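K.L.:
Each chain, written out:
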Amino acid sequence: MSTTQSSKPSNPGHAFMRALRQDHVGLSRVMREIDTQAHRLTEDPEGARAILVDAFRYLLRYHHAYHHPREDRLFAHIRARDDELEQTLQKLSHEHESGEQETERLADDLTHASSEDLAGEYGAALVNRINDYLRHTRTHMRHEETVFYSRAERVLTDEDWLAITADDGPDDPITDIRTMRASYPALARSLDDPTSHLGLNRPERSSSNELRLQVLALTDLYGGLMYEAIDLTRTNFRRLKSARGPVSLVRAAGTIYADNLRFAGQCVTRPSRWAVNTGAGLIVGWLKPYMNDQQDRTGEQFGGE
Amino acid sequence: MVSWQTRTAKLLSRLTIRQSLKRELSIADMRERIRSMERFFPSVPDDIHIENEPGLSHCDAEWLTPSSGPTERVILHLPGGAFMTRFVRAERLLLARMCRATNARGRLVFYRLAPENPYPAGLDDCMEAYQQILDLGIPPEHLIISGVSAGGCLALSVLLKARDLDLPMPAGAILMSPAADMTDESTDGSRVANAARDAVLSLERGDEIRRLYLGEHVELANHPYISPVLADYTGLPPLFFQVSGSEILLDDSHRCAERARACGVPAEVEVWDRMPHGWQALSFAPESGRAIARLADFIRERCP
Chain A
1 MSTTQSSKPS NPGHAFMRAL RQDHVGLSRV MREIDTQAHR LTEDPEGARA
51 ILVDAFRYLL RYHHAYHHPR EDRLFAHIRA RDDELEQTLQ KLSHEHESGE
101 QETERLADDL THASSEDLAG EYGAALVNRI NDYLRHTRTH MRHEETVFYS
151 RAERVLTDED WLAITADDGP DDPITDIRTM RASYPALARS LDDPTSHLGL
201 NRPERSSSNE LRLQVLALTD LYGGLMYEAI DLTRTNFRRL KSARGPVSLV
251 RAAGTIYADN LRFAGQCVTR PSRWAVNTGA GLIVGWLKPY MNDQQDRTGE
301 QFGGE
Chain B
1 MVSWQTRTAK LLSRLTIRQS LKRELSIADM RERIRSMERF FPSVPDDIHI
51 ENEPGLSHCD AEWLTPSSGP TERVILHLPG GAFMTRFVRA ERLLLARMCR
101 ATNARGRLVF YRLAPENPYP AGLDDCMEAY QQILDLGIPP EHLIISGVSA
151 GGCLALSVLL KARDLDLPMP AGAILMSPAA DMTDESTDGS RVANAARDAV
201 LSLERGDEIR RLYLGEHVEL ANHPYISPVL ADYTGLPPLF FQVSGSEILL
251 DDSHRCAERA RACGVPAEVE VWDRMPHGWQ ALSFAPESGR AIARLADFIR
301 ERCP
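Going line by line, the protein sequences match chains A and B. Residue numbering for the first sequence follows the numbering used here, beginning at 1 and increasing consecutively. Residue numbering for the second sequence follows the numbering used here, beginning at 1 and increasing consecutively.
Everything labelled a hint here was simulated from the structure, so no lab data went into it. Model, not experiment: these values are computed from the prediction. One or more of the hints may lead you astray.
[Said to hold, decoys possible] Pairwise CB distance ranges (calculated):
#1 A:270 <-> B:131: 51 to 57 Å
#2 A:135 <-> B:5: 30 to 36 Å
#3 B:136 <-> A:159: 35 to 41 Å
#4 B:164 <-> A:272: 55 to 61 Å
#5 A:272 <-> B:60: 47 to 53 Å
#6 A:253 <-> B:25: 23 to 29 Å
Glycine included, each C-beta is placed from N, C-alpha and C at the ideal position.
Given these sequences and hints, build the entire structure.
P.N.:
Here it is, written out as C-alpha cells:
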C-alpha cells in the first residue's frame, strides 16, 4: 500500500467529500420535517403518520443504504492512516448501525399502530423516542463534521480515494422532486409547503379564546398596578430621603399619603371596571347565538308570509 | 403544549417588559431596567471562546468560537431591542448556542443605537461588519446572517443593501420575528388582532420608536431598508422566518416571505404556537432548544 499523501485535496476525494456534505443537506431538511410531524402526531395521527413513515423510509432507502456505507468506507481508510481517531470512528460507525435499527423500529411501530394508539399514551411515548432519535442524529452529524470531515482530505491518499469512491451508489433522491413525489408523496407534499405550524393544530373555540383574552387583560391590569406600585414606592423613598427638617418631612408625608390614597383608589376601581366590562362582554357573547337564532326565525316567518 | 418554563417567562415578560413598553419611560430608564433583568440570563458557556478583534469602526462587536473545532461556517448575528436597547447577555448566549449547534463561528454586532445614533448609523455598522467578513476572505457561501426583531429588520436591510451594492450574497438568512414594517398602517392584521395576546411587545409607543429610530428622516419610513415588507427581494438568498402566532409582528414575517416568494426567493415561515417574542433566547425553555435545533438544520441545509 502506498503511503504517499496527497499534498492537496485530490479531485475524487474533494468531490466525494462534497457529496457527503450534500447528503447532510437532505438529512437536515428531513430532520426538521420529522420534528414538525412528531409534535403533531398525537393530535393528527393519520396526517402525521403518513409523512413520518415516508420520512423514515427515505432515510432507510437512501441514507442508511448508501450514505452511511460511504462514510463507513471512509472511516475504515482514515483509521488505517490515523489511529488517533480509532475510538471516535468506531463509535460513529456503531451509531450508524444503531441508528438504522431505530429507524426501522420507528417506521414499523408507526405503521402498525392504530390511530387511537397514536393519539394516546403509546403515541406520546413514540414522540419521545422520535425526539431522542432526532437529538442523536443531529449530534452525530455535528461530530462527523468536526471530527473527520476536515481530517479526511488531509490524511487520505489518492489510492485511498480510488478505493472509497469505487462502487458508489445513487445520488440523494431529495434533490429530484419528481422522484420524491413518486416514492414519498406525503413527505414531498409537506416539504413543498413553505409554511409550517408548530404547536397547537386544533383551532381554539371562540368562547375559550375570549376568556383567555380577558384573563390576559387582567394580567396586564395587575402587571400595570404592580409596576405603578414599585414606581410609587421608589418615589416615596426619594421624597422621604430628600426631606430636610420637620416641616419638609411633614409636607413629604402629606404628599405620600395623598398619592398612596389615589393609588389605592385605582387598585379598587380598575379591577372592578374590568369585572363589569368582562362580565357584560361574556354575557353578550353567550346570548349572541340565541339572539341571532331568534332574528333568523323572525326573518323566516316574515319571509314566509 | 407550551412548557411551564415558557409560560412562566411569558407571565414575567407581561408583568415587566410589556409594562415598560407601555409607559412613558426614558430610554435611559428602559436600558437600566433591561440591564437589571439581564442578570437572570446565564453567561456564555465555557466552551465558547469570545474575542473582539478585528473590531469595527463605530461599535463593539464580538467573535464567538466554539472550542469543539469550528467548520468554515460563520453566523453574522444582529441583536434586537427596538433599535434603542438590547439584551446583551441573552443575545450572546443565543448566538453561542447557534454556533455550538452548527460548529460555526459567530459574529455579534452591537450596532449603534437610536436615539443617540438614528438611522442609518445602525445599518452602516451592520454593513461594515458584513463587508469585513467578506474582506477576511470568508466565502459568502459559508455565511449566514441572522437577526431577532429589530435585528431581523436590519438583517433584511443588510441583504437588500448588499444586493444593491453588488456585494456577494450570503448562503441564507435567519429572521426571528423581524420588525419589518415601520410604516404607520397597522389598522388591521396581527398588530391589532394580537395586541392583547402578545406577552412582550406593545405598540402603544410605536410612533415614538419610529420617530427616535428615524430621527429627522421620518419620511423614510416607507424606504425598503427601513420597512423591508415593501422591498423587492429579487436576488436575495433563501430566507427562514421563525415567528410566534401570538405576536403583533406575525404578519411582518408572512408579508416579507410572500414578497420574497413572488420574486423567486425561497422563503419558509415557521409559525410557533403561543410563544413569546424572542423565545429562542430563553435558554431554560425546551421550545428554545427545539427552535435552535431547527435553525441549525436550516444552516446545515444552506452551508453544507
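K.L.:
Does each hint fit the structure? Answer for all of them.
P.N.:
These are the hints, each one checked on the structure:
no.	hint	in the structure
1	A:270 <-> B:131: 51 to 57 Å	holds, 53 Å
2	A:135 <-> B:5: 30 to 36 Å	violated, 18 Å
3	B:136 <-> A:159: 35 to 41 Å	holds, 36 Å
4	B:164 <-> A:272: 55 to 61 Å	holds, 57 Å
5	A:272 <-> B:60: 47 to 53 Å	holds, 50 Å
6	A:253 <-> B:25: 23 to 29 Å	holds, 27 Å
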